[in-house]
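Dock chains B, C and D with the ligands against chain A, hints included.
Sequences listed follow chains A, B, C and D, in order.
Count along the first sequence from 1, then add 480; that gives the number in the numbering used here.
Count along the second sequence from 1, then add 480; that gives the number in the numbering used here.
Count along the third sequence from 1, then add 1485; that gives the number in the numbering used here.
Count along the fourth sequence from 1, then add 1485; that gives the number in the numbering used here.
Mixed in with the good hints there might be a few duds.
[As the list claims (entries may be wrong)] Residues of chain D placed beyond 10 Å of chain C at every Cβ, according to the derived structure:
| hint | residue |
| --- | --- |
| 1 | Gly1505 |
| 2 | Asp1512 |
| 3 | Met1540 |
| 4 | Thr1543 |
| 5 | Ala1676 |
| 6 | Gly1711 |
| 7 | Pro1824 |
[To be verified] DSS-like cross-link-like pairs, simulated, lysine-lysine; straight-line CA separation at most 30 Å:
| hint | chain 1 | residue 1 | chain 2 | residue 2 |
| --- | --- | --- | --- | --- |
| 8 | C | Lys1811 | A | Lys522 |
| 9 | C | Lys1807 | C | Lys1818 |
| 10 | B | Lys522 | C | Lys1736 |
| 11 | D | Lys1811 | B | Lys810 |
| 12 | A | Lys679 | A | Lys545 |
| 13 | B | Lys522 | B | Lys545 |
| 14 | B | Lys545 | D | Lys1702 |
| 15 | B | Lys810 | B | Lys679 |
| 16 | C | Lys1702 | D | Lys1736 |
| 17 | B | Lys810 | D | Lys1807 |
| 18 | B | Lys679 | B | Lys501 |
| 19 | D | Lys1702 | C | Lys1736 |
| 20 | C | Lys1790 | C | Lys1807 |
| 21 | B | Lys810 | A | Lys831 |
| 22 | A | Lys759 | B | Lys831 |
| 23 | B | Lys501 | B | Lys522 |
| 24 | A | Lys679 | A | Lys810 |
| 25 | B | Lys545 | B | Lys679 |
| 26 | D | Lys1807 | D | Lys1790 |
| 27 | D | Lys1702 | B | Lys522 |
| 28 | A | Lys759 | B | Lys759 |
| 29 | C | Lys1702 | A | Lys545 |
| 30 | C | Lys1736 | A | Lys810 |
| 31 | B | Lys759 | B | Lys831 |
| 32 | D | Lys1736 | A | Lys522 |
| 33 | A | Lys810 | C | Lys1811 |
| 34 | B | Lys501 | B | Lys545 |
| 35 | A | Lys810 | C | Lys1807 |
| 36 | A | Lys522 | A | Lys545 |
| 37 | D | Lys1818 | B | Lys810 |
| 38 | A | Lys501 | A | Lys522 |
| 39 | D | Lys1702 | C | Lys1702 |
| 40 | A | Lys759 | A | Lys831 |
By construction, these hints were calculated from the structure, which means they are not laboratory data.
Beta carbons are placed, not taken as given, at the ideal position from N, Cα and C, and that holds for glycine.
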Amino acid sequence: MTETQHRASGTTAPAPESTIKTMTMAGAINAGLRAAMERDPKVLLMGEDIGALGGVFRVTDGLHKDFGDARVMDTPLAESGIVGTAIGMSMRGYRPVVEIQFDGFIFPAFNQITTQLAKMHYRSHGRIEVPVVIRVPFAGGIGAVEHHSESIEALFAHTAGLRLVSPANPQDAYDMIQQSIFSPDPVLFLEPKARYWDKGDVDTAAVRTRLDGATATADLGRARIARTGSDVTLVAYGPTMRTAMQAAEVAASEGTSVEVVDLRSISPLDFTTVIRSAKRTGRVVVVHEAPTLHGVGAEIAARVSEEAFYHLHAPVLRVGGFHTPYPGAKFEHDYLPTLDRVLDAVDRVAKH
Amino acid sequence: MTETQHRASGTTAPAPESTIKTMTMAGAINAGLRAAMERDPKVLLMGEDIGALGGVFRVTDGLHKDFGDARVMDTPLAESGIVGTAIGMSMRGYRPVVEIQFDGFIFPAFNQITTQLAKMHYRSHGRIEVPVVIRVPFAGGIGAVEHHSESIEALFAHTAGLRLVSPANPQDAYDMIQQSIFSPDPVLFLEPKARYWDKGDVDTAAVRTRLDGATATADLGRARIARTGSDVTLVAYGPTMRTAMQAAEVAASEGTSVEVVDLRSISPLDFTTVIRSAKRTGRVVVVHEAPTLHGVGAEIAARVSEEAFYHLHAPVLRVGGFHTPYPGAKFEHDYLPTLDRVLDAVDRVAKH
Amino acid sequence: MDRHGPLSDDGLVTLLDRHGERLADPDWEPYVEHLTAEDLRGFWRDMTMTRAFDMEATSLQRQGELGLWVPALGQEAAQIGSGRAIREPDYVFPSYREHGVAFTRGVDLPQILTLFRGLEHGSWDPAAHSFHLYTLVIGAHSLHATGYAMAMDRDGLVASGNPDADGAVVCYYGDGATSQGDVNEAHIFAAVNDAPIVFFVQNNQFAISEPTTRQAKVPLARRADGVGIPSVRVDGNDVLASYAVTQWALKHARSGAGPVLIEAFTYRMGAHTTSDDPTRYRTRADEEHWAQRDPIARLEAYLLKHGELSDEFRAEVEAEAKALGKRTREAVKSWERPPLLTMFDHVYAEPHQQVEAERAWFDRYQRSFTDEGAHA
Amino acid sequence: MDRHGPLSDDGLVTLLDRHGERLADPDWEPYVEHLTAEDLRGFWRDMTMTRAFDMEATSLQRQGELGLWVPALGQEAAQIGSGRAIREPDYVFPSYREHGVAFTRGVDLPQILTLFRGLEHGSWDPAAHSFHLYTLVIGAHSLHATGYAMAMDRDGLVASGNPDADGAVVCYYGDGATSQGDVNEAHIFAAVNDAPIVFFVQNNQFAISEPTTRQAKVPLARRADGVGIPSVRVDGNDVLASYAVTQWALKHARSGAGPVLIEAFTYRMGAHTTSDDPTRYRTRADEEHWAQRDPIARLEAYLLKHGELSDEFRAEVEAEAKALGKRTREAVKSWERPPLLTMFDHVYAEPHQQVEAERAWFDRYQRSFTDEGAHA
Ligand SMILES: Cc1ncc(C[n+]2csc(CCOP(=O)(O)OP(=O)(O)O)c2C)c(N)n1
Ligand SMILES: Cc1ncc(C[n+]2csc(CCOP(=O)(O)OP(=O)(O)O)c2C)c(N)n1
Ligand SMILES: [Mg+2]
Ligand SMILES: [Mg+2]
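One chain only, chain A, in its complex shape (with noise of 0.2 Å):
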């Protein structure tokens, strides 16, 4: 902890105030949102209810007293019109922070994501910058009813223009917010809301040192080895950080050595790091709460199996949703990728 605090002041003397702060996600959010706020009087946060309820999982709490109406937006009930005046205000320079109140509340406002901000960058070649943040609580696991629970990357995931990420931590949660908000593409900011109140510790100086150099979003699409081993990959993001490291934890007392890869962005997603592993390990397991099919872990299944070909052991497994609905709350955890489902998957990757 020291040392970090050391590194990321850079200085010696007066001795300085921590920056080291424990939070919970959401928490880390909100503060990642109130420190790019006083940076740049450019960007604003628009949603439903974001104001003086401060959201209803209270990720924008305080901000609209502390910034007021002009800068913290209460929109109207529609999420086309929500992230298409995001997007005009965005043409004149402005940073919006739009809150799609849950993931399954997001379709409304499909068109204007995959045919407007998504394009516009490359139809104008260039000349208009539109960065958008889309904050959406998403995925599974708090007992929710329909359209509450929903995992929707694959869904933004295959349209060019947008980049999607997913913080697993506090420390991410915090850093990713500023680096989405400050990156000149639009950006899908996936938050877990199982994991909205884990708390985590969170160095508030690092990403500031970021934020002012060349280097602002340049590590937003990378993945993070989340815990080092040797005997099988296990790739996952966001939501089912948690699970894919307890499961690394059980497979450890059991003998078997997982790498746990947080991919932390979707889009871009970072083959090099999932590759380098998995030709390390030979063995892959992705983990995703979104149905199986046609999911992210397809595509990382797909290119692995091209590219580790000759590395493989076994093939690559994946662990996600089924292909139904998003069933009832009382179905959820055995819906979702159980620890035992995935230690299943490890021990059929690590037996071949």
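Positioned in the frame of chain A, the structure of chains B, C and D with the ligands alone reads:
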């Protein structure tokens, strides 16, 4: 030809009128729509400009004249409204066949398709059927402007509750449109628009017999071996089938025997057929127009790599569009999977 | 509080003022004059039962028996008034807060809770009650309702020559929903097709935390002007007026004259859902202002004033309400999750290779634990 | 042809009738009284140039030089009239048929054709002309326009105290677009935010083959009533009236008074696009009715009647138009497809692993042919 005719009519005297006609794919769909409308008064057409104009591709030509306003409805210019009202009509037993004018304009209806149409049967415990067919002239190759050449299949195949099919020849077009209409499930019917004017023989009798029986829609989800071969399996559907067949031809002349699987259906996807072929040849190339990244080919490659792991002599290769917006028409020849690129992939797997 | 623009109460049809005084309104009288004292007591009973159920559901949620609850508190008059104007073969598309309307359609109220207990996404049989499932995606159902109405028209259920046999659709949604593209498209499709549909907007002043001023500058009823359909603003806390305007609107729609929009001006007295905290976005004073306009108290005052609410009847309804509460409690607690494999049911009407394969895999996977005895 | 409902010409602001007679209208006079004869000749020239270019583009499409063309024939008055009322720092969001407006914004007309030749999706530099790129997804740009207007407001460009420095957005779309959810949401967002925006609906009577009666039962201007913003219907074939109402609307919007909707009632004299066949859906009689209302002929009649159109001026403009045609033809034919690798440019503003990898692969792939000499 005589044989088919004989089989279809199933009678000997008096000599039946030929049930085989040469049609373009557009003509075959038109004839299929007409046949379905004649068969069942609950079949309705809805869409923009499908009435007097007959649709921008003339696929509904003449139907308004013969069936009138009540069966062929020019709707307001609003895709969400079209699909949403079609859902409502289907709830009263109608079988609306919706035309989306071009692939790129389906996105305003994305919410209705993904959160409503796909889930109605599930959430009502099967009490409500929504047999809506959404016809979409899709994919590229016709030199069109932006948003008129999109390959949208991966964006819908991920969602449970929808069926997705794409015919590659007039016979399938004629049969499958009718099977889609009489399917109790919602179907996205993807029409490879660059193939609209390709001609072929259509036997109009076979599907009629099937629709009369219990197996009306049973084979709608089944792939077809379009050409048998032993060295390489080439998987394609709809828009790329022609290139795939050409590639097989060229490869044969160069000594490589290529089996071509025409998927016909993307959801469900007939992995049984694909994997059987893959196991036999040990070499697989998937070709589609959609961007390779997170395209339908990813799922196919992933599953073949998993399920035919010990049979593969080479990694599964994919040939598709790039991770860019669909470029200007002058670029499309090179953006799309050309015969050269397909042959290159066939060569690469064959050499392994 | 600013009571201008969309928050103004200008031009609201009111037949029963907040003190329970009957107001004369010759335009609307014809739609209520047939109502007997028993009918009015029936309204009171319906509202009372709905509220009792609503409170019970809230308490079940607090006890952890439900994942969420969406109270209709304060909106009983708008819902019972309109609901009682609906008849066969009318068809209703609710949003997700129309428990009162559900009651009038004969839905057994506890059944609504299967959804909120996380057992399923739809509860009752829509056809049996002419009452569609709740739709949680704001406004999406407004288009289904419009299409359904177009189909009713086609099926000869409108202007058939026998007005008693004619039907129409009633589609409910909130003030927030009026901003959605889908709802605006529904208005347009309905107008262009002269669809037999009544759009019933419950303007309960809030879309979660956002006051109606975030959705509009002018009263929501004026959305109808944009597409040229008639509209009316009604005091949604007045069950009589709500009944009257819905009668009128349905008559209009059933006669083939096309759609109508009703704005019922009311107030959500409770939280948006049990997850909500209204203290963050509205004042006590505002809540008190509306407490004085409680829809049930208002009718009660009227009935009492006219000696139409006997102690016996009250006791009877109270007992009935209590029994409903008890039955609700017991039912909810008794519900177990159906077998896991049922989550693969009804994804498609006909078999689908992937669903079948996954179901089979999951079955084997589950059995592997049972067989090994390793699964909880 | 039914001329009721949305097809009626009730209440259209007209300052120049179809015979070129000047009509007095004290309400609108203030917005045109400063116009000199030279200004009017300027309008005529702009319309004439636009039409000449338009015809040239159609002929280039026929020759196979363009993939498609979208003629604005008949809509020149609506476009030039409104376009000439726009000034710095106003900003324009066109749909895809506003070649006349583009001309008033200083876009070099041939440049519009790069898109229709399939070379790119956007042509001119939007910032340089305060004129956004064309948007082909119907109505999608109406929300961008609204957001842009909200941002102008925030940037102090509205009601700044110096009316001459104030700006607003003008957003163009067609009759068909008024049915889209996005356009309705744009109206709502603009109204609620008092955004400085003028929605300029060119009701050219058709959305491809569908007459405006498929989109509405009442005049499209009434869409504005639904959200409580002022609107005006104008004779869109009258360049003076189009100019006047846009002046008024912009003044309103720039002053901070919020959005305005203009319905310009006009007629698409040509096909929807060069792929279209209007004989399938409209009558010769209808076309002739409108041919008598040709916007250019009308102003020409007026100018001639007042001796304001000299033969020299005519000849000058004719020459200019001819030169433009020639320049257009030559430019279009000279354009080659940029290098293939450029299709990977600008997908993202910062590098993206997948795009980079695919670009590199494609480069190698292409070179493999060149190296082998096997590629055409
Ligand atoms: C498309 C969509 N966006 C957002 C939500 C989240 N949400 C649920 S209820 C609600 C407010 C609805 O307000 P209103 O229409 O006034 O109905 P009320 O809840 O007041 O009855 C919101 C924003 C949703 N369900 N659907
Ligand atoms: C979302 C969407 N749906 C369909 C289309 C296809 N389309 C292109 S132009 C057009 C008609 C537009 O009519 P209108 O808005 O009146 O404008 P006009 O072409 O008459 O200028 C249609 C349906 C489209 N471009 N976008
Ligand atoms: Mg509300
Ligand atoms: Mg038009």
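Here is what the structure says about each hint:
1. No Cβ of chain C approaches the Cβ of D:Gly1505 within 10 Å, the least distance being about 34 Å, so the stated non-interface status holds.
2. Its beta-carbon lying about 22 Å from the closest one in chain C, D:Asp1512 satisfies the requirement of being farther than 10 Å from that chain.
3. With a closest Cβ-Cβ approach of about 35 Å to chain C, D:Met1540 is found to remain outside the 10 Å limit, as its non-interface label requires.
4. In this structure D:Thr1543 is separated from chain C by more than 10 Å, as the shortest Cβ-Cβ distance comes to about 32 Å.
5. With a least CB separation of 5 Å from chain C, D:Ala1676 falls inside the 10 Å interface cut-off, contrary to its annotation.
6. Remark: the non-interface label on D:Gly1711 conflicts with the geometry, its nearest Cβ contact in chain C lying 2 Å away (cut-off 10 Å).
7. Every Cβ of chain C is farther than 10 Å from the Cβ of D:Pro1824; the closest lies at roughly 41 Å, confirming the non-interface assignment.
8. Of the pairs offered as hints, the one joining C:Lys1811 and A:Lys522 is violated, with about 56 Å between alpha carbons and a cut-off of 30 Å exceeded.
9. This hinted pair checks out: C:Lys1807 and C:Lys1818 have alpha carbons roughly 17 Å apart, not beyond 30 Å.
10. With a C-alpha separation of about 27 Å, the suggested pairing of B:Lys522 with C:Lys1736 holds against the 30 Å cut-off.
11. Taking the CA atoms of D:Lys1811 and B:Lys810, the gap is near 23 Å; set against the 30 Å cutoff, the hint holds.
12. Only pairs whose Cα atoms come within 30 Å are accepted, and A:Lys679 paired with A:Lys545 is accepted, the gap being roughly 25 Å.
13. A distance of roughly 17 Å separates the Cα atoms of B:Lys522 and B:Lys545; the hinted pair therefore holds under the 30 Å criterion.
14. Our distance criterion of 30 Å between C-alpha atoms is met by B:Lys545 and D:Lys1702, whose separation comes to about 24 Å.
15. Between B:Lys810 and B:Lys679 the CA atoms are separated by roughly 26 Å; this keeps the pair inside 30 Å, and the hint holds.
16. Simply put, C:Lys1702 and D:Lys1736 have alpha-carbon atoms about 21 Å apart, close enough for the 30 Å limit, and the pair holds.
17. Restraint check for B:Lys810 and D:Lys1807: the C-alpha separation of about 28 Å stays at or below 30 Å, so the hint holds.
18. A distance of roughly 10 Å separates the Cα atoms of B:Lys679 and B:Lys501; the hinted pair therefore holds under the 30 Å criterion.
19. Annotation: proposed proximity of D:Lys1702 to C:Lys1736 holds, straight-line Cα distance about 20 Å (limit 30 Å).
20. Restraint check: the Cα-Cα separation between C:Lys1790 and C:Lys1807 comes to about 26 Å, which is no more than 30 Å; the hinted pair holds.
21. Proposed proximity of B:Lys810 and A:Lys831 is contradicted: the alpha carbons are some 52 Å apart, above 30 Å.
22. Restraint check for A:Lys759 and B:Lys831: satisfied, since their Cα atoms lie roughly 22 Å apart, inside the 30 Å limit.
23. At most 30 Å may separate the alpha-carbon atoms for a hinted pair to count; B:Lys501 and B:Lys522 meet this at roughly 27 Å.
24. With a C-alpha separation of about 26 Å, the suggested pair A:Lys679 and A:Lys810 falls inside the 30 Å cut-off, and the hint holds.
25. With a C-alpha separation of about 25 Å, the suggested pair B:Lys545 and B:Lys679 falls inside the 30 Å cut-off, and the hint holds.
26. The suggested pairing of D:Lys1807 with D:Lys1790 holds, with an alpha-carbon distance near 26 Å, which does not exceed 30 Å.
27. Between D:Lys1702 and B:Lys522, the direct Cα distance comes to roughly 27 Å. Compliance with the 30 Å bound is thereby established for this hinted pair.
28. Simply put, A:Lys759 and B:Lys759 have alpha-carbon atoms about 24 Å apart, close enough for the 30 Å limit, and the pair holds.
29. Restraint check for C:Lys1702 and A:Lys545: satisfied, since their Cα atoms lie roughly 24 Å apart, inside the 30 Å limit.
30. With a C-alpha separation of about 43 Å, the suggested pair C:Lys1736 and A:Lys810 falls outside the 30 Å cut-off, and the hint is violated.
31. For the hint pairing B:Lys759 with B:Lys831, the CA-to-CA distance comes to about 17 Å; that is within 30 Å, so the pair holds.
32. A threshold of 30 Å between alpha carbons decides the hint, and for D:Lys1736 with A:Lys522 the separation of about 27 Å falls inside it, so the pair holds.
33. A C-alpha spacing of about 23 Å is found between A:Lys810 and C:Lys1811, which places the hinted pair at or below 30 Å, so the restraint holds.
34. At most 30 Å may separate the alpha-carbon atoms for a hinted pair to count; B:Lys501 and B:Lys545 meet this at roughly 23 Å.
35. As the CA atoms of A:Lys810 and C:Lys1807 are separated by approximately 28 Å, the hinted pair is consistent with the 30 Å bound.
36. With a C-alpha separation of about 17 Å, the suggested pairing of A:Lys522 with A:Lys545 holds against the 30 Å cut-off.
37. The straight-line distance between the Cα atoms of D:Lys1818 and B:Lys810 is roughly 14 Å, inside the 30 Å bound, and the hint therefore holds.
38. For the hint pairing A:Lys501 with A:Lys522, the CA-to-CA distance comes to about 27 Å; that is within 30 Å, so the pair holds.
39. Taking the CA atoms of D:Lys1702 and C:Lys1702, the gap is near 24 Å; set against the 30 Å cutoff, the hint holds.
40. Of the supplied pair hints, the one linking A:Lys759 and A:Lys831 holds, its CA atoms being roughly 17 Å apart against a limit of 30 Å.
Hint compliance for this structure: hints 5, 6, 8, 21 and 30 are not met, and every other hint is.
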